[in-house]
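Chemist: Sequence:
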Amino acid sequence: MKSPLFALVCCLLALAAAAIPLGRFILPADSPPDDARSSSFSSTLSTQAGNAPLPSTASEVSTSASQQVEAPALVRYTGEPLEITLSLAGRELARFSPEAPGSRQIKLLLPPLSAGSSVELEVRAVWSGTSGSAHVITVELSPPSLPSVADTHWANPGESEIHEIYCFHWPECPSVRGNF
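Position 59, counted from 1, in the sequence shown is what this note's numbering calls 59; the numbers after and before it change by one each time, with no gaps.
Among the clues, some could well be false.
Claimed, not checked - Mimicking SDA-like on lysine to any residue, the simulated pairs with C-alpha atoms at most 25 Å apart in a straight line are:
#1 LYS107 with GLY158
#2 LYS107 with ALA89
#3 LYS107 with VAL126
#4 LYS107 with GLU161
#5 LYS107 with SER133
To be verified - Simulated restraints, written as ranges between beta carbons of each label pair:
#6 CYS167 with GLU70: 17 to 23 Å
#7 ASN156 with PRO112: 32 to 38 Å
#8 SER114 with HIS163: 28 to 34 Å
#9 PRO111 with GLU80: 16 to 22 Å
#10 ALA134 with ALA89: 14 to 20 Å
#11 PRO157 with ALA115: 23 to 29 Å
#12 GLU80 with PRO112: 19 to 25 Å
#13 GLN68 with GLU161: 25 to 31 Å
#14 GLU159 with ARG76: 16 to 22 Å
FYI, nobody ran anything at the bench for these hints, they're computed from the structure.
From the three backbone atoms N, C-alpha and C, an ideal C-beta is built for every residue, glycine too.
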């Protein structure tokens, strides 16, 4: 069983790790070095609050292609879907019509991932007609230097489409076994 202190420290570290990248979105790209940022922070906020336009779409805020990493993904499915589409923040990552039943290995361009990271993929799969059995789609991501994680969603019997958000998370703190 984990001690409450250990759990608290892990949570605080996770919050700190999540807060660090926010500075890149709050401060302009041509902002001064770290030691001068604190003095210009309030002026930056007042400038943005004035007439300066803020990014309005996810594509304006998304990482560039040079900052993305190629991550293998295994898409497993039942039956023979007509089409499967995977998207991230409204940007289509992959679209394919399965040529063989069962599964397909693909590569996805994702933002850099590390321990403590999360990513949500929008997955849409369509089958022809309706069947009496339920359909299922499992997506397993295997980014470099991280363990593989998978998420699975089911369509109810008689439904011919799955359109869901698949959530993937790589824990920052390894699970600890034993008593303290």
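Chemist: Now, for every hint given, state plainly whether the structure supports it.
Modeler: Here is how each hint holds up against the structure:
Restraint check: the Cα-Cα separation between LYS107 and GLY158 comes to about 31 Å, which exceeds 25 Å; the hinted pair is violated. Distance hint between LYS107 and ALA89 is fulfilled; the C-alpha atoms sit about 17 Å from each other, no more than 25 Å. This hinted pair checks out: LYS107 and VAL126 have alpha carbons roughly 21 Å apart, not beyond 25 Å. Distance hint between LYS107 and GLU161 is fulfilled; the C-alpha atoms sit about 23 Å from each other, no more than 25 Å.
Restraint check for LYS107 and SER133: the C-alpha separation of about 29 Å exceeds 25 Å, so the hint is violated. A hinted range of 17 to 23 Å for the beta carbons of CYS167 and GLU70 is consistent with their spacing of about 21 Å. A C-beta distance of roughly 37 Å is found between ASN156 and PRO112, which places it inside the suggested range of 32 to 38 Å. As the Cβ distance of SER114 to HIS163 is approximately 29 Å, the hint placing it in 28 to 34 Å holds.
As the Cβ distance of PRO111 to GLU80 is approximately 32 Å, the hint placing it in 16 to 22 Å is violated. In this structure the supplied range 14 to 20 Å is violated for ALA134 paired with ALA89, their Cβ-Cβ distance being about 29 Å. Roughly 39 Å separates the CB atoms of PRO157 and ALA115, a value that falls outside the hinted 23 to 29 Å. For GLU80 and PRO112, the Cβ-Cβ distance of about 35 Å falls outside the hinted range of 19 to 25 Å, so the restraint is violated.
For GLN68 paired with GLU161, a C-beta distance near 29 Å keeps the hint of 25 to 31 Å intact. A hinted range of 16 to 22 Å for the beta carbons of GLU159 and ARG76 is consistent with their spacing of about 18 Å.
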